[in-house]
Amino acid sequence: MQEIQKVTDEELVELVRTKDKEQYRELVARYQARLLRYAGYLLNDAEAAQDVVQQAFIKTFINLHGFHIKKKFSSWIYRIVHNEAINYLKSKKNEVLTDSLFLGNVVPDTTINNFEEIIIKKEKRQILLVSLEVLPIVYRAPLTLFYFEEKTYYEISDILRIPIGTVGTRINRGKKYLKKLYLSKGGKYYGH
Amino acid sequence: MATKDIANKVMQEIKEKHISMRPRFFFVAGSFLLIGGLTFAFVLAIFLVHLILFRLRLDAPFEFLRFGPPGIPPFFIMFPWRFLLIAGFAVALGIYLLKKCEFSYKYNFALITGITIITIILTGIIVDCFKPNRRLERLPPMRGLYKERLPGVNWVIGEILEISGESVRVQSLDGRVVVIIWDKSTMLPMGRDFKIGQNIRAFGDWQDSVLHAEGIMRGGFLRRPTLFPPGSRGFPSPVF
Chain R
1 MQEIQKVTDE ELVELVRTKD KEQYRELVAR YQARLLRYAG YLLNDAEAAQ DVVQQAFIKT
61 FINLHGFHIK KKFSSWIYRI VHNEAINYLK SKKNEVLTDS LFLGNVVPDT TINNFEEIII
121 KKEKRQILLV SLEVLPIVYR APLTLFYFEE KTYYEISDIL RIPIGTVGTR INRGKKYLKK
181 LYLSKGGKYY GH
Chain S
1001 MATKDIANKV MQEIKEKHIS MRPRFFFVAG SFLLIGGLTF AFVLAIFLVH LILFRLRLDA
1061 PFEFLRFGPP GIPPFFIMFP WRFLLIAGFA VALGIYLLKK CEFSYKYNFA LITGITIITI
1121 ILTGIIVDCF KPNRRLERLP PMRGLYKERL PGVNWVIGEI LEISGESVRV QSLDGRVVVI
1181 IWDKSTMLPM GRDFKIGQNI RAFGDWQDSV LHAEGIMRGG FLRRPTLFPP GSRGFPSPVF
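Residue numbers (the numbering used here), protein chains in the order written: chain R, 1 to 192; chain S, 1001 to 1240.
Simulated from the structure, these hints should not be mistaken for lab results. A hint or two may mislead.
What the hints assert, rightly or not - Quick list of in silico lysine-lysine cross-link-like pairs, PhoX-like style, CA-CA up to 20 Å:
| # | chain 1 | residue 1 | chain 2 | residue 2 |
| --- | --- | --- | --- | --- |
| 1 | R | K70 | R | K6 |
| 2 | R | K71 | S | K1106 |
| 3 | S | K1015 | R | K59 |
| 4 | R | K21 | S | K1015 |
| 5 | S | K1017 | R | K71 |
| 6 | S | K1017 | R | K21 |
| 7 | R | K71 | R | K90 |
| 8 | R | K90 | R | K19 |
| 9 | R | K6 | R | K72 |
| 10 | R | K71 | R | K6 |
| 11 | R | K6 | R | K21 |
| 12 | S | K1017 | R | K59 |
| 13 | R | K59 | R | K21 |
| 14 | R | K19 | S | K1015 |
| 15 | R | K59 | R | K90 |
| 16 | R | K90 | R | K72 |
| 17 | S | K1015 | R | K70 |
| 18 | R | K59 | R | K71 |
| 19 | S | K1017 | R | K72 |
| 20 | R | K59 | S | K1100 |
| 21 | S | K1009 | R | K59 |
| 22 | S | K1100 | R | K72 |
| 23 | S | K1106 | S | K1131 |
| 24 | R | K21 | S | K1131 |
Stated by the list, open to error - Here are some, though not all, of the chain R residues that point toward chain S, as calculated from beta-carbon distances under 8 Å:
| # | residue |
| --- | --- |
| 25 | V28 |
| 26 | A29 |
| 27 | Q54 |
| 28 | G66 |
| 29 | I69 |
| 30 | K70 |
| 31 | P136 |
| 32 | S157 |
| 33 | S184 |
All values reported here derive from a predicted model rather than from experimental measurement. In this text, a Cβ means the ideal position worked out from N, Cα and C, and glycines have one as well.
When you get a sec, could you build the whole thing from the sequences and use the hints?
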């Protein structure tokens, strides 16, 4: 069990393809939390995110032989989840709004002790998260991938299939849009 | 809110619905089809650029515009629109398939499209300079494309066989022998100094095999642009 956890994603894919399909469980376990988080940010709906991610994992399994072993599995599976989320949004036509409780619980904050600071920071985070919910998906996706999933520009380019320059442009525009929304909802700007 | 264990659900669904992986050859075949489709689209487009240039030389539709507005209808009929349309579809197909390639999203796609179109046109022009029609028109499927002569609805293009007063006998490109007559109202933008063996084009009204010309001009066939000057060693002088 410990040995399988040391194996890289790409090696695990090859193992699933050629020897043991059961090991796909390990691949799913490695990615389910972060993909649920990403899908949650895109869809603003916990239930929908679960369905989308589950469907994405099934599609990934079906098309596993189409993955090039020299590429990054992480970028590939994020791409599949992204596409599934977009398809879901298109089928619903309007973006599903606000299950802010889901977003508020994604990243537990345990770094501060002062009660007043906790309240202020929680309010600020709620405003930010609510602003993110209404951001157009063209900006929401790269912002989420960069700030919350900690992906590089190169990885975001692979996931969203856009040039690296466009990644930078969308992140910058998204930040400006977010700042505007944040200020309009009563957030204070501390000059950072 | 607790997160459901997706791993178990996924593995259960895979087992219950007997979901299997697509075989490797499915993706290999897909790659081959993509490359094959791209190649076919671009080769077809390049060939059609050459064919369009050939037909423009042979039929010289732009020459009709020298007659002014009356020359517009024959221009539209003689222009190789269908080849242009098919070339456009071939380029569109090629660009659509190019978008499916792995590398295409990394670069500005408008730039890739522009470079592709320019490359196809330039390659078609270069291919045309080497006169591939001389070999291709011998092949039965290609003969029609090169030898086709559009019958003139109200015009004729041909070689002068006989000159007589204010009329000439002409053998048209489609093999008919017709008579062209003119009068004072006929447009003669290049004068009336005709010679036997000369190529002319005329438009007007037909009465049996006689064309009452509204406009006549000499020549009108364009020369092929060449990479090398005429008479260079190994390269005959430019003809069709």
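How about P136(R): closest beta carbon in chain S under 8 Å, or not?
At about 20 Å, which exceeds the 8 Å cut-off, the nearest Cβ of chain S leaves the hint on P136(R) violated.
- Message: Need the status of pair K59(R), K1100(S): alpha-carbon distance at most 20 Å?
- Response: 19 Å, holds
Fill in: Restraint satisfaction for Q54(R) [CB to CB of chain S, less than 8 Å]
Since the shortest Cβ distance to chain S is 5 Å, the answer is holds.
**OP:** For the pair supplied as a hint, K71(R) and K1106(S), confirm whether the alpha-carbon distance does not exceed 20 Å.
**Re:** Answer holds: K71(R) to K1106(S) is near 15 Å, not above 20 Å.
*Holds or violated: K1009(S) with K59(R), Cα cutoff 20 Å?*
Distance ~14 Å between K1009(S) and K59(R) Cα, so the pair holds.
Requested in this report: Would you check the hint for K1100(S) and K72(R), treating anything up to 20 Å between C-alpha atoms as holding?
Outcome: 19 Å, holds
Does K1017(S) pair with K59(R) here, judged by a C-alpha cut-off of 20 Å? 13 Å, holds
- Is the straight-line distance between the alpha-carbon of K90(R) and that of K19(R) 20 Å or less? At roughly 38 Å apart (the allowed maximum being 20 Å), K19(R) and K90(R) break the hint.
Inset, instruction - Would you mind confirming whether the straight-line C-alpha gap from K6(R) to K21(R) stays at or under 20 Å? - result: 18 Å, holds
Checklist entry - Given G66(R) as an interface hint, is the shortest Cβ-Cβ distance to chain S below 8 Å? => result Status holds, d = 4 Å.
| message | Would the hint linking K19(R) and K1015(S) be met if the CA-CA limit is 20 Å? | response | Judged against 20 Å, a Cα distance of about 16 Å means the pair holds.
- Query: Does the structure keep K71(R) and K6(R) at a Cα separation of 20 Å or less?
  - Reply: Within the cut-off at roughly 19 Å; holds.
When the structure is compared with the earlier hints, violations turn up for hints 5, 7, 8, 16, 17, 19, 23, 24, 29, 30, 31, 33 and for no others.
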